[in-house]
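Participant: Produce the entire structure from the sequences given, and follow the hints as far as they go.
Residue numbers (the numbering used here), protein chains in the order written: chain A, 204 to 319; chain B, 4 to 119.
No lab work stands behind these hints: they were computed from the structure.
It is possible that part of the hints are untrue.
[To be verified] Taking lysine to aspartate or glutamate pairs in the EDC-like style, the calculated list, with each CA pair at most 20 Å apart, reads:
1. Lys245/A to Glu107/B
2. Lys298/A to Asp59/B
3. Lys208/A to Glu47/B
4. Lys261/A to Asp60/B
5. Lys71/B to Asp60/B
6. Lys71/B to Glu21/B
7. Lys245/A to Glu14/B
8. Lys298/A to Glu107/B
9. Lys298/A to Asp60/B
10. Lys260/A to Glu107/B
11. Lys245/A to Asp287/A
12. Lys298/A to Glu65/B
13. Lys218/A to Glu318/A
14. Lys271/A to Glu229/A
15. Lys261/A to Asp282/A
16. Lys245/A to Glu47/B
[What the hints assert, rightly or not] Some, not all, of what chain A presents toward chain B, calculated at C-beta under 7 Å:
17. Pro243
18. Lys245
19. Gly246
20. Pro247
21. Leu249
22. Lys306
23. Phe309
24. Gln314
Think of the CB as a built atom: it goes at the ideal place given N, C-alpha and C, for glycine as much as any other residue.
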Amino acid sequence: QQQVKQSPQSLIVQKGGISIINCAYENTAFDYFPWYQQFPGKGPALLIAIRPDVSEKKEGRFTISFNKSAKQFSLHIMDSQPGDSATYFCAARRKVLTGGGNKLTFGTGTQLKVEL
Amino acid sequence: DAGVIQSPRHEVTEMGQEVTLRCKPISGHNSLFWYRQTMMRGLELLIYFNNNVPIDDSGMPEDRFSAKMPNASFSTLKIQPSEPRDSAVYFCASSLRSGGWDTEAFFGQGTRLTVV
Numbered sequence: 204q205q206q207v208k209q210s211p212q213s214l215i216v217q218k219g220g221i222s223i224i225n226c227a228y229e230n231t232a233f234d235y236f237p238w239y240q241q242f243p244g245k246g247p248a249l250l251i252a253i254r255p256d257v258s259e260k261k262e263g264r265f266t267i268s269f270n271k272s273a274k275q276f277s278l279h280i281m282d283s284q285p286g287d288s289a290t291y292f293c294a295a296r297r298k299v300l301t302g303g304g305n306k307l308t309f310g311t312g313t314q315l316k317v318e319l
Numbered sequence: 004d005a006g007v008i009q010s011p012r013h014e015v016t017e018m019g020q021e022v023t024l025r026c027k028p029i030s031g032h033n034s035l036f037w038y039r040q041t042m043m044r045g046l047e048l049l050i051y052f053n054n055n056v057p058i059d060d061s062g063m064p065e066d067r068f069s070a071k072m073p074n075a076s077f078s079t080l081k082i083q084p085s086e087p088r089d090s091a092v093y094f095c096a097s098s099l100r101s102g103g104w105d106t107e108a109f110f111g112q113g114t115r116l117t118v119v
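Facilitator: What follows is the structure in structure tokens.
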């Protein structure tokens, strides 16, 4: 069962354009929603994250929009650059019921290509 | 800090052979995660350790997979016997658990496993 659905699977954007990646979740126990960026041959790295008590978080050119009632969140990359070309994963975190701690459930990823 | 270190970076093995993947987490981190990444299923959490103790192994696909963490600076993921469908990139990640919550997870560069 896929708990975090991500779309689109791939995205091509012109340099300077806006890249938008969407995610939806079902489990209301999720309490933290990070986005990870992965370059070829590398592991995912945290890009930006949001908690469900706010509707938007912005860091530089990257913005997360969060709609708690719709159980959806999205990543917006403003002024997209060729260096942003990577795979982006949304994720959702929830507590581990036994033993404490928490774990992330990832979306299936979006391959972004920013063309000149 | 050198980050999370995984070895080997690439492994090619024949079906039926035993495969051992290794991970050295970031010094001071007390949570360790093993993930598997495939095109079809994305990033899947296999097992999660905290203070060297397995907390959640519900993602381990079957008995052919086993993971150990004998001390705070080393973990292994073993597949015995390996099958072609195990071919994937395996990531190790570590984080610091404080106050019941894990902070940002840092990923290693992964081990690309090919079973022929």
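Participant: Interface hint check: Phe309/A, Cβ to nearest Cβ on chain B, cutoff 7 Å. Holds or violated?
Facilitator: Result: holds, 4 Å to nearest chain B Cβ.
Participant: Would the pair Lys298/A and Glu107/B pass a check requiring their Cα atoms to be no farther apart than 20 Å?
Facilitator: With Cα atoms ~14 Å apart, Lys298/A and Glu107/B stay inside 20 Å; holds.
Participant: Are the Cα positions of Lys261/A and Asp282/A separated by 20 Å at most?
Facilitator: Given pair Lys261/A, Asp282/A holds - Cα atoms ~14 Å apart, limit 20 Å.
Participant: Can the restraint linking Lys245/A and Glu14/B be considered satisfied, given a maximum Cα separation of 20 Å?
Facilitator: 16 Å, holds
Participant: With the threshold set at 20 Å, check whether the alpha-carbon distance from Lys218/A to Glu318/A stays at or below it.
Facilitator: Given pair Lys218/A, Glu318/A holds - Cα atoms ~6 Å apart, limit 20 Å.
Participant: Would the hint linking Lys208/A and Glu47/B be met if the CA-CA limit is 20 Å?
Facilitator: 14 Å, holds
Participant: Could you check if Pro243/A really has its C-beta closer than 7 Å to a C-beta on chain B?
Facilitator: 11 Å, violated
Participant: For the pair we were handed, Lys261/A and Asp60/B, check the Cα-Cα distance against 20 Å.
Facilitator: Distance ~35 Å between Lys261/A and Asp60/B Cα, so the pair is violated.
Participant: Just to be careful: measuring from the Cβ of Lys245/A to every Cβ in chain B, is the smallest value less than 7 Å?
Facilitator: Constraint on Lys245/A satisfied, holds at 6 Å.
Participant: Taken at face value, is the distance from the CA of Glu107/B to the CA of Lys245/A at most 20 Å?
Facilitator: This hinted pair holds, its Cα atoms lying about 17 Å apart.
Participant: Within 20 Å, alpha carbon to alpha carbon, are Lys260/A and Glu107/B?
Facilitator: Judged against 20 Å, a Cα distance of about 17 Å means the pair holds.
Participant: Restraint: Pro247/A near chain B, CB-CB cut 7 Å. Satisfied or not?
Facilitator: 5 Å, holds
Violated hints, in rising order: 4, 12, 17, 24; the structure is consistent with all others.
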